[in-house]
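Q: Chain by chain, the residues run as shown.
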Amino acid sequence: MNGIHDLGGMHGFGPVVQEENEPVFHEDWERHAFAVLNLTMAAGQYTVDELRHSIERMPPAQYLETLYYEHWLHAAEDLLDKKKVVTREELERRIAEMAPKEKK
Amino acid sequence: MPALPKDMVRTAIQAGASARAPVTTPPRFRAGETVRARNINPVGHTRLPRYVRGKRGVVQVNHGGFAFADTRAHELGDQPQHLYSVRFEARELWGNDASLRDAVYIDLWESYIEPAV
Chain E
502 MNGIHDLGGM HGFGPVVQEE NEPVFHEDWE RHAFAVLNLT MAAGQYTVDE
552 LRHSIERMPP AQYLETLYYE HWLHAAEDLL DKKKVVTREE LERRIAEMAP
602 KEKK
Chain L
75 MPALPKDMVR TAIQAGASAR APVTTPPRFR AGETVRARNI NPVGHTRLPR
125 YVRGKRGVVQ VNHGGFAFAD TRAHELGDQP QHLYSVRFEA RELWGNDASL
175 RDAVYIDLWE SYIEPAV
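Protein chains in written order, with the numbering used here: chain E, 502 to 605; chain L, 75 to 191.
Please keep in mind that the hints were generated in silico from the structure rather than gathered at the bench.
Some hints could be false.
Okay, derived cross-link-like pairs now, DSS-like style, lysine-lysine, Cα gap no bigger than 30 Å in a straight line [to be verified]:
| id | chain 1 | residue 1 | chain 2 | residue 2 |
| --- | --- | --- | --- | --- |
| 1 | E | Lys584 | L | Lys80 |
| 2 | L | Lys80 | E | Lys585 |
| 3 | E | Lys583 | L | Lys129 |
| 4 | E | Lys602 | E | Lys583 |
| 5 | E | Lys584 | E | Lys602 |
| 6 | E | Lys585 | E | Lys602 |
Stretch-level coverage of chain E by chain L, calculated; a stretch enters the list once three of its residues show a Cβ under 8 Å from a Cβ in chain L [stated by the list, open to error]:
| id | region |
| --- | --- |
| 7 | 502–514 |
| 8 | 545–553 |
Using N, Cα and C, we set each Cβ at its ideal position, and we do this for glycine too.
Full structure from sequences and hints, please.
A: Here is the structure:
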């Protein structure tokens, strides 16, 4: 699809910022997103190509404003719902359960 | 849902899964041949970047058979094809302001390219 992901040749994004001694993960939740995606993929729930296409279908503005692992998380939520492994309703219910326990 | 055994996690993450798959048809292109990337605009998944569509390049090498991402993304199976590394001169892609010394190598499935005429 001619989506926002296909950025080759576009201008205006500024320099590529290189971090010295860049950590594999910047936040702890990124480790979990990495694990969820890889383990559900290894379990045969979807292919890497379905994952990529899920990310391509993110709303363009959201795609540009979110982090790399947020793209992964989006794909996990989207595909696991589509495959009826964790439905959107189950996810929302769990978020509602956990939200009050989250420390600010 | 089948689980990935714990002792296989490290190997699986480090090596990744190969998309290499046997292909039964003979290759349509050979190294050194000039080809043109097709101008296709599918609404589904494709690995053919927009900036290369309609451009001419030269086949460098045939990597062999690989599962086709465009079908795998839509639960349509592997449908393997020959995958070629194709070199596109920067000037072909970006015009005469581009450096003569720059080029882009893109891995392209056979159905992405056609003979250049």
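Q: Next step is simple, just say for each hint if it's right about the structure.
A: Here is how each hint holds up against the structure:
no., hint, verdict
1, Lys584/E x Lys80/L, "24 Å, holds"
2, Lys80/L x Lys585/E, "24 Å, holds"
3, Lys583/E x Lys129/L, "37 Å, violated"
4, Lys602/E x Lys583/E, "28 Å, holds"
5, Lys584/E x Lys602/E, "29 Å, holds"
6, Lys585/E x Lys602/E, "27 Å, holds"
7, 502–514, "holds (count 5)"
8, 545–553, "holds (count 7)"
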